[in-house]
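Based on these hints, arrange chain B on the given structure of chain A.
Number of protein chains: 2
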Amino acid sequence: MKLGEGVEAAIHCAAMLAGVDGEATMPASAMAEAFGLSPSYLLKHLNMLTASGILESVSGPAGGYRLAQPAERITLLDIVLAIEGREPAFRCAEIRRNGPVRLDPSAYLKPCGINAAMLKAERAYRSALAEAKLSDIVAEYMSDADPRSVAAGCAFVARHQRPQKSSSTKQT
Amino acid sequence: MKLGEGVEAAIHCAAMLAGVDGEATMPASAMAEAFGLSPSYLLKHLNMLTASGILESVSGPAGGYRLAQPAERITLLDIVLAIEGREPAFRCAEIRRNGPVRLDPSAYLKPCGINAAMLKAERAYRSALAEAKLSDIVAEYMSDADPRSVAAGCAFVARHQRPQKSSSTKQT
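Residue numbers (my numbering), protein chains in the order written: chain A, 9 to 180; chain B, 9 to 180.
I should point out that these hints are in silico values taken from the structure, not numbers from a laboratory.
Accuracy of the hints is not assured; some may be wrong.
Note that the list lumps identical chains together, so a pair holds whenever it fits in one copy or between two copies.
To be verified - In silico DSBU-like cross-links for lysine-lysine, where the CA-CA straight-line distance does not exceed 35 Å: (1) 52 x 118; (2) 10 x 173; (3) 173 x 128; (4) 118 x 173; (5) 128 x 118; (6) 52 x 141; (7) 10 x 118; (8) 10 x 128; (9) 173 x 52.
Next up, chain A with everything else stripped away, as it sits in the complex:
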């Protein structure tokens, strides 16, 4: 089982955006710089987060990305599904039906027990991810991470965030 590398980038960017002031935005280029990533690589994942309603993008000279919802309402599950898609990790191809003895489709009305067991485990995984709020991730970072890292992170956000004029409105 493997998650794409974009998941790490997406969660870090969302956590960073949880730290901008009010309606301010952060350009993708700044986030790419913060994590040493290629801007085009990161843009793809930021756009996935935007399409899923986790981020919103603002255009214009003060444009960039910001959270579309409070960090308390965004979970790691939201982010993982936005990047990886909503399909289960285990894809049942119904190979039980492929054998030399072809039975009537009515013999397979009940779901395959193997698929059911794999999906049960995946529900446990998703449930644990759904309990991990972005706000908790950020709060733990602020309280538990090395103070030098926190100071450097906050200074980076303060330097790169783009405050909005009072007339700016969210793109929803």
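Below, chain B without anything else, positioned relative to chain A:
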């Protein structure tokens, strides 16, 4: 997040091997036929299961595969890890260290909170897979699946299993 297709084949084969009599084996070609899979594709996964101590292979005219342990002691987690490898699905590349401000490595002694949260969810997934015994999968299949499917499956095993002479010993 995606599991390889081989996981489905591996679990089905292990479940089928739980149904052979005593020390009997089942050739890979029969299992490939049972699930409509290419023998070379399946062989790769059977060898992974053998390398992990879930199956054992017997050579010679009555050769094939059989479970290396009682089905009660084999879990879906064992099979998934044998096929997919033991690494976590979330691979932390420590992108938190890549930014423009390079801090001393001592600033990163504590694990990244994002990695910790992702690994916590993965422990929940693995724990659920570890609770799913192969013997339970087989018992549920025997009691709950359509009787036509059970009859066809049992007949297939009876036809293709290869009893061992009394002198045969397990390859451990």
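Requested in this report: Hint by hint, work out which the structure violates, then give me just those numbers in ascending order.
Outcome: 2, 3 and 4
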